[in-house]
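Visitor: Each chain is listed here by its residues.
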Amino acid sequence: MVAFTRFEVVRILRNKRYIIFTIGLPLAFYFIYSGIYSKSSFQGTSFAAYYMVSMAAFAGFGAALGAGGTRLAMERKNGWIHQLRITPLSATAWLGTKLTTALLVAVPCIGVVLIAGVAAHGVSLPATRWAQLVVSMVLATIPFGIMGMVVGYLFDEESAQAGQTIILLGLSILGGLWFPLSIFPAALRDVAKVFPSYGLGAVGRAALVGQGPGWVPVIGLMGWTVALGVALAWLYRRDETRAVA
Amino acid sequence: MIDNAVSFVNVHKSYGATKALAGVSFDVARGETVALLGPNGAGKSTAVGIMLGLRKADAGKVALSGLTPTGAVSAGRVGAMLQAAGLPPGVTVNEVVSLVRRLYPRPVPLGRLVDMAGLGDFAGRKVDGLSGGQAQRVRFALAVAGDPELVFLDEPTVGMDVEARRAFWRSMERLSGRGCTVVFATHYLEEADAVADRVVVLDRGKVVADGTAASIKGRVSSRIVRFELPGADPGAMMGLPGVVDVSVNGPRVTLRSTESDATVRELLGRHTAVHNLEVTGAGLEDAFLALTSTDNGR
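Each protein sequence line maps, in turn, to chains A and B.
Residues 0 to 244 in this note's numbering are what the first sequence lists, from first letter to last.
Residues 1374 to 1671 in this note's numbering are what the second sequence lists, from first letter to last.
The reader is advised that the hints may include incorrect statements.
[Claimed, not checked] Calculated cross-link-like contacts (lysine-lysine; reagent style DSSO-like; alpha-carbon spacing at most 30 Å): (1) K1429/B to K76/A; (2) K1392/B to K1579/B; (3) K76/A to K1499/B; (4) K1392/B to K1590/B; (5) K1499/B to K15/A; (6) K38/A to K192/A; (7) K1499/B to K1434/B; (8) K1434/B to K1579/B; (9) K1392/B to K76/A; (10) K1590/B to K1579/B; (11) K1579/B to K1429/B; (12) K76/A to K15/A.
[As the list claims (entries may be wrong)] Away from chain A, derived, C-beta distances all over 12 Å, residues of chain B: (13) D1376; (14) A1390; (15) L1425; (16) P1442; (17) Q1456; (18) E1468; (19) S1471; (20) R1498; (21) V1500; (22) P1521; (23) H1560; (24) M1611; (25) G1623.
In short, the hints are calculated from the structure, not lab data.
Note that the Cβ used here is the ideal one computed from N, Cα and C, for glycine as well.
All chains should be built: construct the whole structure from the sequences, respecting the hints.
Guide: Structural data, given as structure tokens:
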């Protein structure tokens, strides 16, 4: 399984378009907005630190989602999945590998944005808070890794790209990653907390100010993990029973 | 009693209203090489899919060395080359072959595997840029990477040129020389004749013949009469006794006859210009055509 995970990670990191899109957009956003509001303090921290977490969350979300998504839809179409199914690799090992891969590729994407925050705006935190920030955000990408696989099984290879992009941008905006929730209308602000993208940003922001992540984001993320996991199990079985040979 | 490598007992499978397999039974002994022969839509791929546990039979029993198909697959005792199976983009031949080897408990050493499948020339290349024949060889390598005791090959040489096809047959023969049981689906009669110990002919989801290529050829009583006769009239040829099929190509005439002695006697009596006369037993192709219906142009 280690060999398989490495195989998958290498395949993803070799794809330059994937890297550029997943890291490029959050970095560009970060530099633009943190440049404009660099001096402002915001929600108990600097805007530069606040937005660093938002864009790190956006990058981690995109990386984890894209590890499945279109790539998985293509693998289903081209038959690599069928080839694996006639090896001793179990379904659990296969799904576990895909999820581990999603987390592993999310780590550098989150990391690059954090480094940008430190390098461009001198964001500084005690080591324990950095550790909490990284660990909680990486764990919080689990539902997005599962979401990527759901997208890969739900869409065919032609529609997956569009589906993946709409989900990424839609949930990032609705969950308050692009714009702070404080500028949302009051009604939308509460709705936003339902989305897993809100939870991902919230656990990161909690680490910035040295607080625990709080129950609302944690329960939200766990709920999404379970719901998407159930959906994935169902989609996987449906795919398995489809005519292949 | 030693279990057969494959046991297929009265297997039924339908897709909606279409019956793909209508009570198919056959066994494959250990070490045997068996061809599943049949026209497109005969049920060959469905049978292979069921043997690999990729599809569930509606009724009937399937066992691989006494195990269920999925049990045999997860124990790493089975390898397969499927038409629907592809290679992952973005990796080299070496990388994908090495990965699949690692999924099996007792894989073939990498060097020997590269040799067996003839990957040496392009092992370092990305799989995305391979020719069709090269990709087939990689898929063959994946099928045998785990040193399986049973290998399924679904139309393994489809799209290959003659030379590549013959080279592939040699790989299959080496595999069976190592004691591996090989089951392959094909619609190339020559392939079944050249490689298989036994041929199971499927047509419309039923086994219509099961035996050696020679015994299947022997089931067809017609013979082929070939000769040259300038200006031969196909209508007149059809009128000869026993003739069931006529083809005229310039001066060359080929007749299929169920009473070749009578055909030849009459032919020589009527046409003194006949020369280069030759009478042969029907080939596997003739047997195949006689066994499977041709009424829908397949």
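Visitor: So, for every hint listed, does it hold in this structure?
Guide: Tested hints:
A distance of roughly 21 Å separates the Cα atoms of K1429/B and K76/A; the hinted pair therefore holds under the 30 Å criterion. Under the criterion of a C-alpha separation no larger than 30 Å, the hint pairing K1392/B with K1579/B is consistent with the structure, at around 10 Å. A distance of roughly 19 Å separates the Cα atoms of K76/A and K1499/B; the hinted pair therefore holds under the 30 Å criterion. A hinted pair counts as satisfied when its Cα atoms are at most 30 Å apart, and K1392/B with K1590/B qualifies at roughly 28 Å.
With a C-alpha separation of about 16 Å, the suggested pairing of K1499/B with K15/A holds against the 30 Å cut-off. The suggested pairing of K38/A with K192/A holds, with an alpha-carbon distance near 28 Å, which does not exceed 30 Å. Of the supplied pair hints, the one linking K1499/B and K1434/B is violated, its CA atoms being roughly 41 Å apart against a limit of 30 Å. Among the hinted pairs, K1434/B with K1579/B is consistent with the structure: their alpha-carbon atoms are about 16 Å apart, no more than 30 Å.
Simply put, K1392/B and K76/A have alpha-carbon atoms about 25 Å apart, close enough for the 30 Å limit, and the pair holds. For a cut-off of 30 Å, the pair hint linking K1590/B to K1579/B stands: about 19 Å separates their Cα positions. Restraint check: the Cα-Cα separation between K1579/B and K1429/B comes to about 17 Å, which is no more than 30 Å; the hinted pair holds. For the proposed pair K76/A and K15/A, the alpha carbon gap of about 22 Å is at most 30 Å, so the pair holds.
Every beta carbon of chain A lies more than 12 Å from that of D1376/B, the smallest distance being close to 20 Å; the non-interface claim holds. Distance to chain A confirms A1390/B as a non-interface residue, since its nearest Cβ pair spans about 15 Å, more than 12 Å. Not every C-beta of chain A lies more than 12 Å from that of L1425/B, the closest at about 5 Å, which undercuts listing it as non-interface. At roughly 10 Å from the closest C-beta of chain A, the C-beta of P1442/B falls inside 12 Å, breaking its exclusion from the interface.
With a least CB separation of 7 Å from chain A, Q1456/B falls inside the 12 Å interface cut-off, contrary to its annotation. For E1468/B, the shortest C-beta to C-beta distance to chain A comes to about 7 Å, within the 12 Å cut-off, and the non-interface label is violated. The beta carbon of S1471/B sits about 8 Å from the closest Cβ of chain A, which is not more than 12 Å, so the claim that it is off the interface is violated. Non-interface call for R1498/B relative to chain A: holds, since the shortest CB-CB distance, roughly 14 Å, exceeds 12 Å.
Residue-level check failed: V1500/B sits 10 Å from the nearest beta carbon of chain A, not beyond 12 Å. P1521/B, annotated as away from the interface, has a beta carbon of chain A within 12 Å; the closest lies near 10 Å. The Cβ of H1560/B sits about 15 Å from the closest Cβ of chain A, beyond the 12 Å cut-off, so the non-interface label holds. Every CB of chain A lies more than 12 Å from the CB of M1611/B, the least distance being 43 Å, so the non-interface label holds.
Under the 12 Å C-beta cut-off, the non-interface status given to G1623/B relative to chain A holds; the minimum distance is some 44 Å.
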